[in-house]
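**Student:** In this note's numbering, the protein residues as written are 676 to 1003.
Treat the hints with care, since some could be wrong.
Claimed, not checked - Pair ranges (Cβ atoms, derived):
no.: 1; residue 1: 881; residue 2: 918; range: 20 to 28 angstroms
no.: 2; residue 1: 950; residue 2: 865; range: 31 to 39 angstroms
no.: 3; residue 1: 881; residue 2: 826; range: 17 to 25 angstroms
no.: 4; residue 1: 757; residue 2: 779; range: 15 to 23 angstroms
It should be emphasised that the hints constitute simulated quantities derived from the structure, not laboratory data.
Predicted, not measured: the structure shown is a model, and the values here were computed from it.
Note that the Cβ used here is the ideal one computed from N, Cα and C, for glycine as well.
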Amino acid sequence: MAKVWKLHSVCVLYLLSIAVAAESQTAAPATQTVPTDVFAGASTPATPNAPPDLVKSGDSTLRLGSGDLIEVSVYNVPELNTKTRVGSSGDVYLPLVDYVHVAGLTIDDAEAVIEKRLDQGGFVKNPHVQLFVSEYTSAGASLLGEVTRPGVYPVLGDQRLFDLISAAGGFTDKAGNTATVTHRGQASIAVPISRNLEDHPESNIPVFAGDTISVRQADVIYVVGDVLRPSGFLMQSGHLSVLQAIALAGGANSTAKLGGARIIRKTPSGLTETPVPMKKLLQAKADDIQMQPEDILFIPTSARKMLEGRTAEAAIQMATSAALITVR
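Assemble the whole structure, with the sequences as input and the hints as a guide.
**Tutor:** Printed below as a string of structure tokens:
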């Protein structure tokens, strides 16, 4: 009987030991070894798993600029993850690395620069950096200059230059025939435009967030002297002839000396004066003359006609014309 009891006790103890072992194995969490060789000088030879594919923020060709809010993540080193804004100098402050200049860089380029600084500084071995832009200074493109409603317009999907101009209400009366487009961190380009946008389909270029578009004012020519309305006039279509300019000025007065008409033009070497056969132009006996931006068409007053008329208005106009020419 004693032998049976001893055998029974041994079996119970054996079963209890198996149950305890099984329970311990189930309850104990799997131990995950955190690779330590990401830090320079670590002695553990283990290699971390390759990082998963990371999703970029927006267009990878978009360049960073001052005011952008970025999130920087260093794979397997969460202590270095940070969220910071690009300063006015174009720099961001990162833990350990200090200041890094990122303005003008694409997202890929900025990641590479940060990785290089971490590696060369001995902070992280074989770092993998992900940069995410969570906030752009401008979520759209800035449209400035001679448009009806200048401002910042959202750039969603496939947006083009003419889309933004239309959203801004089109051109003002002073708009010229050129728009300047500046992509972030790149040189400006001049794009020909006209009031009928269909005239230049090649100018309907893509527009991206952060772009700046400026519609230039039309060039100006001046008609002064003995005309009805001496003033400056816009070359809205990019060109203006002498006859068109005279018409805009209301025509020459009866006291004008048409034979003395001339174009005064600024050149690198100084002012030049070119005679204009005004009488022949008005009689369609000579080809019209195209004016250039900043040209001055001067119609002098006939002293003989002024004396014959003996009017104070003619004398005042003559003095005013002389003053305008002196100022120019």
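**Student:** Given a hint of 20 to 28 angstroms, does the C-beta separation of residue 881 and residue 918 actually sit inside it?
**Tutor:** 41 angstroms, violated
**Student:** State, for the Cβ atoms of residue 757 and residue 779, whether the hinted interval 15 to 23 angstroms holds or is violated.
**Tutor:** Holds: the Cβ-Cβ distance is about 21 angstroms, inside 15 to 23 angstroms.
**Student:** Do the Cβ positions of residue 881 and residue 826 conform to the proposed distance bound of 17 to 25 angstroms?
**Tutor:** 20 angstroms, holds
**Student:** Does the Cβ-Cβ separation between residue 950 and residue 865 fall within 31 to 39 angstroms?
**Tutor:** For residue 950 and residue 865 the Cβ distance comes to about 34 angstroms; the hint holds.
Violated hints amount to a single one, hint 1; each of the other numbered hints is respected by the structure.
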